[in-house]
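Chemist: Below, each chain spelled out in residue letters.
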Amino acid sequence: MNYEFGFYVFMLAAFLGFELIRKVSPLLHTPLMSLTNAIASISVVGAILISGEKDASTLSRVLGFIAVVAATTNLVSGYLITDRMLKMFKKREPAKK
Amino acid sequence: MNFGVYQALYIVSAGCFILALKWMSSPATSRRGVLSGELGMLLAIVATLLRHEVVNFEWIAAGLILGSAIGVPLAMLMPMTHVPQRTAISQACGALASALIGTAEYFRLKPHGFIMGALVLETLLGFLTFTASLMAFGKLQEVLSSRPITFKGQNIFNLGILGVAVVLGGSLVVHPENTLVFPVFVGLALLFGVLMIIPIGGADMPTVVALLNSYAGLSACAMGFALDNKLLIIAGALDGSSGFILSIIMCRAMNRSFTNVLFGGFGQLQTSAAGQEARPVRSASPEEAAAILGDARSVVIIPGYGMAVAQAQHKIRELHDLLVKRGVDVKFAIHPVAGRMPGHMNVLLAEADVPYDKLVEMEDINSEMAMTDVSLIVGANDIVNPAALNDKNSPIAGMPIIDAFKSRTIMVIKRGMSPGFAGIDNELYYMDKTLMLFGDAKTFVAGLVKELGSNHA
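For the record, the sequence lines run as chains A and B. Note that our numbering numbers the first sequence so that position 15 is 15, with each residue one more than the last. Here our numbering = 1-based position in the second sequence + 1000.
Watch out, some of these pointers could steer you wrong.
[To be verified] Facing chain B, a subset of chain A residues (Cβ under 8 Å, in silico):
1. 20
2. 21
3. 22
4. 30
5. 31
6. 33
7. 34
8. 35
9. 59
10. 66
11. 72
12. 76
13. 84
For the record, the hints were derived by calculation from the structure and aren't laboratory data. Predicted, not measured: the structure shown is a model, and the values here were computed from it. Ideal placement from N, C-alpha and C gives every residue a C-beta, glycine not left out.
All chains, please: the whole structure from these sequences, using the hints.
Modeler: Next up, the structure:
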């Protein structure tokens, strides 16, 4: 049974997530939310696996294709907007005389 | 299980995600965090394309290109004030992807036992997050009414729908060959997502978006179990736990319990207060207000969603600069839930180059409010409403507020007398020391800047 191992991985990652987020300053909550939102687009991996299958049925192909599009939209816009937001945080001190 | 290139890349990718969250904890390293997250995602995609099961590339390439073509404008053209909506819509896409993959896997394998259980969880969370995020988007964008809609027995009805969906899901685990049950199950999950958001008012939407983020993560995690993919489990669990703790932090900031947010029906008590409309308020012109601000020793600016809507942050920074030049002590008071997202105000003020150390959090500023000459409230309402402290029956009772009412003079820039997002009247506006400055936040602040700039700097 490989699932037991999976549960260990799940538990450790979940605790790690809690610990990492607790330290984030409230200042960064909005970018953080869009970053984790972007990380959720990891489902693109599953989408690629489904639509790249050798003899996938038409249903799998169509669903997989829509999933790739949706996940990529989430991914690209998530990362880009997070970076756009953080760029604004960056330049504050030097701009002030 | 043999260990090849793609497994190695998956492990590096998981490490990148962890570093991304770690570096995100400080503004100095946060951009590196995004870079690390991007690298992690790139490695995950490349590794997956290298897997020998993946042989058909045209569909994938088309999907990646089309997705990018939608995603880039979504990120670059959205104004900063619409960040919460964008997060909601992008979340809907992510959740849809994960739900569709679950559906495809089900029809392909019709597996028994554990894998089917994981698929049921994945599709349930995916589909309900999909419709719920769309509803949240609609309410934040104000395409739909942001008022909560409640009816008698709503919670029981909603839980009933969810219950039926779970039972059907359970029956699929035992008899996966009943393919007719699956669409019904999907329909109920979609329906529950809609019903779940209907009773929630706009003010609670950020908390809900954070919570839905957590669901989307858990859905990806369930997919990881179904596909036996540890990378999905790790990334999903990181996302699930971070979204969850973020929504708890936000609930705490509003002093509301989790169940209260989900089942509360925020703001529905309001109809009773409709009786007393025309109460007198004092209003002032930009000239008068500018004179008072110019003579003050200390000013606290309290921004809210109104500032975001009017895009007034740049003008406010100019006002801040002028006042500082005159020797006025200017600070910004940031309520943890001001705007529509946690840290929403910080982002906007940072965009306008307001120095960091001027932004003071609620707990730290409240002790100073009694010594403050002027509180300038820009488009904020519920977060300065004393009813939260005084009126036990108010829907926002117990929510911590910025104690603007303690300062010597209060100025409120507001478009009109309409109530705020929670839909409640604000005592603050009727106080003797309150001046209402009616107008669009940006135009009004521009007026103040002009006045202060012209009569000697």
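Chemist: Decide, hint by hint, whether the structure agrees.
Modeler: Okay, the hints, checked on the actual structure:
1. 20: Hint holds; residue 20(A) Cβ to chain B Cβ min 4 Å, cut 8 Å.
2. 21: holds (4 Å)
3. 22: holds (7 Å)
4. 30: holds (4 Å)
5. 31: holds (7 Å)
6. 33: Status holds, d = 6 Å.
7. 34: holds (5 Å)
8. 35: Hint holds; residue 35(A) Cβ to chain B Cβ min 6 Å, cut 8 Å.
9. 59: This hint holds: residue 59(A) lies near chain B, its Cβ roughly 6 Å from the closest one there, short of 8 Å.
10. 66: holds (6 Å)
11. 72: Holds, about 2 Å.
12. 76: At about 3 Å, which falls below the 8 Å cut-off, the nearest Cβ of chain B leaves the hint on residue 76(A) intact, so it holds.
13. 84: Result: holds, 7 Å to nearest chain B Cβ.
In this structure, every one of the numbered hints holds.
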